[in-house]
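Number of protein chains: 2
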Amino acid sequence: MSQPVAEEEVFDANPAGHMLGAEGNAALVEVIQARLNTMIGKSSGFVETLPAQIQARIQALQDLQESHDEHESEYQKELKALQAKYDALYAPLYEERKAIVNGEKEVPAPKEAEGKAKEEEGVPAGIPEFWLGVLRANRVIGESLSEKDEEVLKHLTDISVAELAPEADEDGDEIGGFKLIFHFSPNPFFDQPTLEKTYYIYEEDGEPMLHRAEGTKIDWATGKNPTVKVMRKKAKPGKGGRGTAPKMLTKLEPVPSFFNFFTPPQEPEEDEEIDEEDLEELRNALEEDFEIGETIRTRIIPHAVKWYTGEANEDDEDDDEDDDEDDDVDEDDDEDDDEDDDEDAADEKEIKQALKGGEGDKGEKPPECKQQ
Amino acid sequence: MSQPVAEEEVFDANPAGHMLGAEGNAALVEVIQARLNTMIGKSSGFVETLPAQIQARIQALQDLQESHDEHESEYQKELKALQAKYDALYAPLYEERKAIVNGEKEVPAPKEAEGKAKEEEGVPAGIPEFWLGVLRANRVIGESLSEKDEEVLKHLTDISVAELAPEADEDGDEIGGFKLIFHFSPNPFFDQPTLEKTYYIYEEDGEPMLHRAEGTKIDWATGKNPTVKVMRKKAKPGKGGRGTAPKMLTKLEPVPSFFNFFTPPQEPEEDEEIDEEDLEELRNALEEDFEIGETIRTRIIPHAVKWYTGEANEDDEDDDEDDDEDDDVDEDDDEDDDEDDDEDAADEKEIKQALKGGEGDKGEKPPECKQQ
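Protein sequences appear in the order of chains S and F.
Counted from 1, the first sequence has number 964 at position 254 by our numbering; the numbering is strictly sequential.
Counted from 1, the second sequence has number 775 at position 65 by our numbering; the numbering is strictly sequential.
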């Protein structure tokens, strides 16, 4: 929050010129600077308190900034056009992938396997449970899958992404973003053919900011909701007469589930109080939610088959091979040492992967934890 | 880490065709699936255990993936060219900014201020302490500045960025990245004209990953190092003879300082042990370090004058104005309510800013906390 500068606090750095003799100058500059130090970056009004010559220089910088920002806005346009061009190239590949995965398009068996393929009668169409396999292969998402989740995700036939055309909201901000669409075959869990998760994003001073996230409300069939478990307990005694069976109360308790992804954490209402700890928790939850969305959009959808086959995790195996080579060379090492090496290699790998740093495209920034 | 699959664990999903009668098929598919479920994404060898027809379909997906990846690699090239084009447009603007800030280029005073400007004799050249003001205006960096840091940063004359041309390392990985260059005028703190911080980044399966960060070792003049404080304590008694003055020991203790940015956290050596807690701490430190570097590169350098004047933080003020308008309308509100509203608005703002979510350019990803 910027501190409003009280009128009497504004130091008049533009007094009559005769006060600015050469000798008093150094001291004056120091006083100006000391006062400005508490104001720089906090109020757009402090520039007016500077000597006219310095104001003119700042004005020149602002003109340069304007040229820069015009270029930057052109860059954003060109970048969007570039992305659209490649999205159009990817689209038919994703369509064909979907058709093959779901058995809508058959693939001729390669010559050398033709004999075998003919013998295999009754092989199911497409690649059964392909997308469940894809999601399971990603460590974070995979670990979030309960047994009940997996039963539902066996019916997942595709994940697609749609960019949102920016629209002005009530404040005049342009809100864009993207929507993840989970496609399902008919299943006993819900009737909806697609479940969606939408991230609304706006730009602030050239920076993308998450506005909010929304998910499809899932109409779970009775008893099929994997995000809750049914708790039954006896009603408190005294409600029924003596000798009657105790009344049973049913309560739904939330449990961890992948499908909680469709009920993203919400910012508190304007009139809601929230303490520092809850805010921190909310911030983490929102970040994690956004990270999973980004992972699905930028890593899983474009490279789905690599996740399914394990190629997306192949680098781990390269490491293993390296370790093996080391072991071959250092034949003096006893077994304990080898184990230590393996653990360290695992740790190191984990650190590198913790650090998946982006070069961060100009104007398209990674999510950050704090206002900087 | 991928689990190596032991030979006897591999389920033979390709037995002789006569075992695959239509009736036994559903059950068999289930058994295959159950075994594969533990293998998908973990080993690139499991595909060979699938029926030949399904293998052919996966091969078709892999061919599609290859087409996709060729497009993706073209996209990366076009993106780099686009960035280079705009970097070339920005460069002369940054040069001119540097010249004005440091008084190497004078700016004519605007007509209306000409009289005033003439009267102001002895106004210092350029915009004194411009970059200190810029850094102070950014909340995270500003809060990290000690009084000693600020004395040094008064001599900061520019911050520039240089992209690193990718070079192959010993493993054949292409390592690129970027270098932040802090330019200083001659000063009593160190003789180096520039201090640098370099982030080395490599790509893994189309994903940028931080390889390591390096900073200039600063040759601080004696007693001028803001990253340490001198601790003096008496030596343990018994070292000097009776009656002699106790010997004083001098110890340098690290203290928080902006200049610790030039000694980034380091990954442990391969043969070093590290426990889970230290690893988490290291991960956070590395992420924070990278975030500050990214902020300087993508937000501060391109928009320096906006930080200096406070415009970069102006959105906070917009919020304040909105609140004021609300207050005018809700005249029934008592003062306490108004204060609550203000606090909530601040909280809400903080959340939004916590969520600075990027749309994440294809192939250029935000840093993430975990391997996904």
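Derived by calculation from the structure, the hints in this document are not laboratory data.
Misleading hints may appear alongside valid ones.
Which copy? The list can't say, so a pair holds if one copy fits it or any two copies do.
[Claimed, not checked] Distance condition first, Cα-Cα at most 30 angstroms in a straight line; then the derived DSS-like pairs of lysine-lysine:
| id | residue 1 | residue 2 |
| --- | --- | --- |
| 1 | Lys-864 | Lys-790 |
| 2 | Lys-961 | Lys-790 |
| 3 | Lys-957 | Lys-943 |
| 4 | Lys-889 | Lys-957 |
| 5 | Lys-790 | Lys-858 |
| 6 | Lys-864 | Lys-957 |
| 7 | Lys-795 | Lys-939 |
| 8 | Lys-787 | Lys-889 |
In this text, all values refer to a predicted model and were calculated from it rather than measured experimentally.
Right, here's what the structure says about each hint:
1. With identical chains, the CA atoms of Lys-864 and Lys-790 are never at most 30 angstroms apart, being 35 angstroms at best within one copy and 40 angstroms at best between copies.
2. Taking the shortest Cα distances, Lys-961 and Lys-790 never come within 30 angstroms of each other, neither inside one copy (49 angstroms) nor across copies (56 angstroms).
3. With identical chains, the CA atoms of Lys-957 and Lys-943 are at most 30 angstroms apart within one copy only, with a shortest distance of 9 angstroms there and 74 angstroms across copies.
4. In this assembly of identical chains, Lys-889 and Lys-957 lie within 30 angstroms of each other by CA distance neither inside one copy nor across copies; the values are 46 angstroms within and 70 angstroms between.
5. Taking identical chains as interchangeable, the C-alpha atoms of Lys-790 and Lys-858 are never at most 30 angstroms apart, the minima being 40 angstroms within one chain and 44 angstroms between chains.
6. Taking the shortest alpha-carbon separations for Lys-864 and Lys-957, neither the intra-copy value of 38 angstroms nor the inter-copy value of 76 angstroms comes in at or below 30 angstroms.
7. Taking the closest pair of Cα atoms, Lys-795 and Lys-939 never come within 30 angstroms of each other, the shortest separation being 46 angstroms inside a single copy and 56 angstroms across copies.
8. In this assembly of identical chains, Lys-787 and Lys-889 lie within 30 angstroms of each other by CA distance both inside one copy and across copies; the values are 21 angstroms within and 27 angstroms between.
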